[in-house]
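Visitor: Next come the chains, spelled out residue by residue.
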Amino acid sequence: MSKSIFVLESDQWLGDHYQRTLEGSGYDVLRSDNPYEAMDMIDDHSPSAIVMSLLFNGAGGIGLLHELQSYVDTAKIPVIVCSGLPTLKLEELEPYGVKRLIDSTTMQPRDLTAAVRSVLA
Amino acid sequence: MELEDRLLDSWDESVLTMAAASELTSPLVLLRQLGLALGDEIDDAERRQLAQRLTLTSERALRLAANVSMVASNQSTLPLEPINPVSVCRDVVHELSPLFAAHGRAITLQQRSRIPLLVANRQLLERVLLGFGDNALHYGSTERPIRMTIHSRGDRVRIGVRDYGPPVPIDLWERLESRVARRAPAPLTSRPHASGVGLLAARRLAELMECTVGLIRHRDGATFYVDLSVSKQMSLL
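Read top to bottom, the protein sequences are chains A and B.
Under my numbering, think of the first position of the first sequence as 616, with each following residue one higher.
Under my numbering, think of the first position of the second sequence as 2, with each following residue one higher.
Read the hints as simulated data drawn from the structure, not as lab findings.
Please read all numbers here as calculations on a predicted model, not as lab measurements.
Be a bit skeptical, because a hint or two may be false.
[As the list claims (entries may be wrong)] Only some residues are given here: those of chain A computed to face chain B with a beta carbon under 7 Å:
#1 T689
#2 G699
#3 I717
#4 S719
[Claimed, not checked] Computed cross-link-like contacts, DMTMM-like style, restricted to lysine to aspartate or glutamate with a CA-CA straight-line distance of at most 25 Å:
#5 K618/A to E682/A
#6 K618/A to D41/B
#7 K704/A to D643/A
#8 K691/A to E706/A
#9 K618/A to E42/B
#10 K618/A to D726/A
All C-beta atoms, glycine included, are put in the ideal place defined by N, C-alpha and C.
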């Protein structure tokens, strides 16, 4: 049975691209463009990993990471953040359950699947 | 203009330019990913879709870059002339329609009465309305079409872009300016996706035509509008 990956990306077309890349590697993909809706979907579907960007309304992205850490089951889901923010460091995000940080300005499609594979290993 | 005012103006514009450079990261990331995807083994339909998205994304990014560039160069010498607002709005709706359609959205023009000519610079007005349209696409919900409306009242014509989405804060402009000045990475508004740099650029372009830009908050969305003066030219004939 293939593992499901939850993709949270505000840009519809970038989300489509992530979905296509992950489905091409054999993963099932769930999608949302909204952190508030995302929490409900993650609760309902318990994905194996989460791929997300951080820039949403208000503290949306970070707020979701906080929320995920608040529950025993969702805190265990590995998170991969794709971001173009040049100042962002993985060490700053690790307390929020983030296992990988991908620089979206230089990433290759294989970087995404490699990151997912590594957090699921 | 006093030195202090000039310094303040140039600071504002450089801050806006820097914010725009940051904002352009998002479409550039998308363009790069779409370009990489074109190199994969994909069928013709998918290739056509990727090519269309590349084109539309680059056009949107270019619109923002051009608007900020115009603001930064402070092109206040662009001539004001009598123009037909309906024709301008039709052109804007025509230009934005492919982008909206590719997102499964629609934009329509609604005009309630005969609209007089107004005084504006056509190029600047188009850019202001394109900025409103881009904003509405990325902030509005998908269920209802975006409506561009034209009303005339007395010696003023109001062109608005009505979207249906999350509410906007009452002090939106102040928040946007503060956010851009602080180079904050996340939007302060209750609407996701973009920082509002495009809206600020549109407002500055409207100011170059000595027009007023405003916002009406609705329970289910917002209308961004520009108020323009009716041309007196016809009354002189």
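Visitor: Hint validation: I717/A versus chain B, beta carbon distance must be below 7 Å. Holds or violated?
Guide: It is violated, given that the least Cβ distance between I717/A and chain B is near 11 Å, above 7 Å.
Visitor: K618/A and E682/A were given as a pair; does the straight-line alpha-carbon distance stay at or below 25 Å?
Guide: holds (22 Å)
Visitor: Below or equal to 25 Å on CA atoms is what counts here, so check K618/A against D726/A.
Guide: With a Cα-Cα distance of about 18 Å, the restraint between K618/A and D726/A holds, given a limit of 25 Å.
Visitor: Does the closest beta carbon of chain B sit nearer than 7 Å to the beta carbon of T689/A?
Guide: violated (21 Å)
Visitor: Can the restraint linking K691/A and E706/A be considered satisfied, given a maximum Cα separation of 25 Å?
Guide: Given that 25 Å is the threshold and the Cα spacing comes to 18 Å, the pair holds.
Visitor: Does G699/A hold up as a contact with chain B if the rule is Cβ-Cβ below 7 Å?
Guide: This hint holds: G699/A lies near chain B, its Cβ roughly 5 Å from the closest one there, short of 7 Å.
Visitor: Are the Cα atoms of K618/A and D41/B separated by 25 Å or less?
Guide: Distance of about 23 Å is within 25 Å: holds.
Visitor: Is the hinted pair K618/A and E42/B satisfied, with a Cα-Cα distance of at most 25 Å?
Guide: holds (23 Å)
Visitor: Can S719/A be said to touch chain B, with a Cβ gap under 7 Å?
Guide: Holds, because the Cβ-Cβ distance from S719/A to chain B comes to roughly 5 Å (cut-off 7 Å).
Visitor: Tell me if the straight-line CA distance from K704/A to D643/A falls inside 25 Å.
Guide: Cα-Cα ~29 Å, so violated.
The structure fails to meet hints 1, 3 and 7 from the earlier list, while all remaining hints are met.
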